[in-house]
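Colleague: Each chain, written out:
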Amino acid sequence: MRALRWHGKHDIRCDNHIPDPSIEDPRDAIVKVSSCAICGSDLHLYDGFMPGMQHGDIMGHEFMGEVMEVGSANKKLKVGDRVVVPFTIVCGECDQCRRGNFSVCERTNRNKDIADKVFGHTTAGLYGYTHLTGGYAGGQAEFVRVPYADVGPVVIPEGLTDEQVLFLGDILPTGWQAAAQCDIQPTDTVAVWGAGPVGQFAVRSAVMMGAEQVICIDNVPERLSMARAGGAVTIDFDDESVLERLAELTQGRGPEKCIDSVGMEAHAARSLDSLYDRAKQALMLETDRPHVLREMIYVCRPAGIISIPGVYGGLIDKIPFGAAMNKGLTFRMGQTHVNRWTDDLLRRIQEGQIDPSFVITHSVGLEQGPEMYKTFRDKHDGCIKVVLKP
Amino acid sequence: MSIPRQVTRPDHSARSLARGLGWFSVGLGVAQLLAPRQVAGFIGMPGSEGAVRACGLREIATGVGLLLADDPKPWVYGRIGGDALDLAGLGWSIEHGHEPANAAIAAGAVAGITLLDLGCAKGLDAERVPSTEWDYGDRSGFPEAAQNMRGRAEPEFAAARAEPNGYPQQLH
Chain F
177 MRALRWHGKH DIRCDNHIPD PSIEDPRDAI VKVSSCAICG SDLHLYDGFM
227 PGMQHGDIMG HEFMGEVMEV GSANKKLKVG DRVVVPFTIV CGECDQCRRG
277 NFSVCERTNR NKDIADKVFG HTTAGLYGYT HLTGGYAGGQ AEFVRVPYAD
327 VGPVVIPEGL TDEQVLFLGD ILPTGWQAAA QCDIQPTDTV AVWGAGPVGQ
377 FAVRSAVMMG AEQVICIDNV PERLSMARAG GAVTIDFDDE SVLERLAELT
427 QGRGPEKCID SVGMEAHAAR SLDSLYDRAK QALMLETDRP HVLREMIYVC
477 RPAGIISIPG VYGGLIDKIP FGAAMNKGLT FRMGQTHVNR WTDDLLRRIQ
527 EGQIDPSFVI THSVGLEQGP EMYKTFRDKH DGCIKVVLKP
Chain Z
100 MSIPRQVTRP DHSARSLARG LGWFSVGLGV AQLLAPRQVA GFIGMPGSEG
150 AVRACGLREI ATGVGLLLAD DPKPWVYGRI GGDALDLAGL GWSIEHGHEP
200 ANAAIAAGAV AGITLLDLGC AKGLDAERVP STEWDYGDRS GFPEAAQNMR
250 GRAEPEFAAA RAEPNGYPQQ LH
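Chains F and Z, in that order, give the protein sequences.
Following this note's numbering, the residues of the first sequence are numbered contiguously, the last one being 566.
Following this note's numbering, the residues of the second sequence are numbered contiguously, the last one being 271.
Isolated chain F (complex conformation) (with noise of 0.2 Å):
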């Protein structure tokens, strides 16, 4: 088969040849891929940014397909379904799993003892993403095997196209989780840093979810466009002050609800902390930089909640502890419980309430995955969301 494979910091090939994935364990399904997608945190692999990848892995954990084959204890998937299938590799038994605390099940993270020393305790497993979550084939390719298949996948209607569904395996869950954990009041003002593709469905999120007033803060025209037209204030950072607009725009109160969709990548050059992040990092000593945590413990309305569904992997410095010790702030985050959210999600789908094609830009062939990830990271022509059909 052909797939997606990781070879290097910014060298992603699409090979050929590659043996096709086969059933390993009797809960597994094999899916062949119709439609996959790059994400946001692929960038972070193919930047080099996180530890545990190895030359030859497959990426890409946003995809969805068709069963080609099914384990024989699987009772919920037959072959010819049309699966979604989230990013998170859950078993469904496990004590977290129960408590829909998916992306920290238990059990399915094949690395377990590694992931434990480095966090502390075992997250679950995910697709393509480093051997520190399991190292799990990924779903940018033309076959996947799909462990613990009888829970996690999601079964798709007839009706509904592969743009309409495939972002139900992580981005819109991921958004909808921001703003779901922001415990959204009709009064409050939301302020979304980042308008990718997560920052755009956690706008509609929080629009959805009653916000008086959501404001969207990035410096790329195309993102603000998309961002306005989804119910969002903008705020341009290249040609105004966030902090004094923010202020403005809440009369000084700040944003009760603040939520990072940029994570460990914040841009290098817009400020001092951030020049200050990319000299540690240069360094080693520091592997993120959170100049969107600080804006946001400054700015955030005493009393508010801090939702993190921006990715981080390591140690961050400079943190305003104090400021959001004494302003009583809540910090909520996470890898996304998708299994939470899609049931919900995909009746929204099928209402109408929310088509999230929308976020869509670029709609390619497998092989052109490797020159659309440089496009996807730069942003150029355009682009916020890359589709790809193997």
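One thing to keep in mind: the hints can contain errors.
Claimed, not checked - On the chain F side, residues computed to face chain Z include the following (Cβ under 8 Å):
{"#": "1", "residue": "356"}
{"#": "2", "residue": "359"}
{"#": "3", "residue": "529"}
{"#": "4", "residue": "532"}
As the list claims (entries may be wrong) - Non-contacting residues of chain Z with respect to chain F, defined by C-beta distances greater than 12 Å in every case (computed):
{"#": "5", "residue": "141"}
{"#": "6", "residue": "147"}
{"#": "7", "residue": "153"}
{"#": "8", "residue": "172"}
{"#": "9", "residue": "183"}
{"#": "10", "residue": "191"}
{"#": "11", "residue": "196"}
{"#": "12", "residue": "198"}
{"#": "13", "residue": "204"}
{"#": "14", "residue": "206"}
{"#": "15", "residue": "208"}
Hints listed in this document are in silico derivations from the structure and should not be mistaken for laboratory results.
We put the beta carbon where it would ideally sit given N, CA and C, even for glycine.
Based on these hints, arrange chain Z on the given structure of chain F.
Modeller: Structure of chain Z alone, referenced to chain F:
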């Protein structure tokens, strides 16, 4: 339908670099103005304090220009010209001055800064090239105007499901 248009965009990295070079110029110029004897002595050209002061004034002028101008490009080219003069002077000092090693070190530093100046000029020059900008103002993802979708989801329901360790079966 998203409609592309041709626009020119400022290169913010190049403009940030230009500001940094502006501050560097001002700092270097002040040092040359205030301590010309030490500077001239270090590079092995005693007696050329007047030339060092002139270089300091030039650095301050280009620095202020870089910091204040809407278009920093001419001032960056000015810096590149100044770099060429400095390199020529330091080259002379390496050959004929009293401190050739120090002059060589200074020349190396100037060469490094020249590379930054050239990179900055290249970035600013590329601002002239139009790029395509897309207007996604028609991509709401909603079936009706965004303001009509406000509050369409049940926030209590969503918030309850987002509770840590909270996945009540009745909400499943």
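Colleague: Confirm or reject each hint.
Modeller: Here's how the hints hold up against the structure:
For residue 356 of chain F, the suggested interface contact is upheld, since its CB lies about 4 Å from the closest CB of chain Z, less than 8 Å. Below 8 Å, beta-carbon pairs count as interface contacts, and residue 359 of chain F has one with chain Z at about 4 Å; its hint therefore holds. Interface restraint check for residue 529 of chain F: the shortest CB-CB distance to chain Z comes to about 6 Å, inside 8 Å, so the restraint holds. At its closest, the beta carbon of residue 532 of chain F sits 6 Å from a beta carbon of chain Z; the interface hint therefore holds under the 8 Å criterion.
Consistency note on residue 141 of chain Z: stated as away from chain F, and its beta-carbon is indeed over 12 Å from all of that chain's, at 28 Å minimum. For residue 147 of chain Z, the shortest C-beta to C-beta distance to chain F comes to about 36 Å, beyond the 12 Å cut-off, and the non-interface label holds. With a closest Cβ-Cβ approach of about 32 Å to chain F, residue 153 of chain Z is found to remain outside the 12 Å limit, as its non-interface label requires. The beta carbon of residue 172 of chain Z sits about 18 Å from the closest Cβ of chain F, which is more than 12 Å, so the claim that it is off the interface holds.
In this structure residue 183 of chain Z is separated from chain F by more than 12 Å, as the shortest Cβ-Cβ distance comes to about 27 Å. Every beta carbon of chain F lies more than 12 Å from that of residue 191 of chain Z, the smallest distance being close to 36 Å; the non-interface claim holds. For residue 196 of chain Z, the shortest C-beta to C-beta distance to chain F comes to about 35 Å, beyond the 12 Å cut-off, and the non-interface label holds. For residue 198 of chain Z, the shortest C-beta to C-beta distance to chain F comes to about 32 Å, beyond the 12 Å cut-off, and the non-interface label holds.
No Cβ of chain F comes within 12 Å of the Cβ of residue 204 of chain Z; the nearest lies about 23 Å off, and the non-interface call holds. Consistency note on residue 206 of chain Z: stated as away from chain F, and its beta-carbon is indeed over 12 Å from all of that chain's, at 26 Å minimum. Listed as outside the interface, residue 208 of chain Z is consistent with that label: its C-beta sits roughly 19 Å from the nearest C-beta of chain F, beyond the 12 Å cut-off.
Taken one by one, the earlier hints all hold for this structure without exception.
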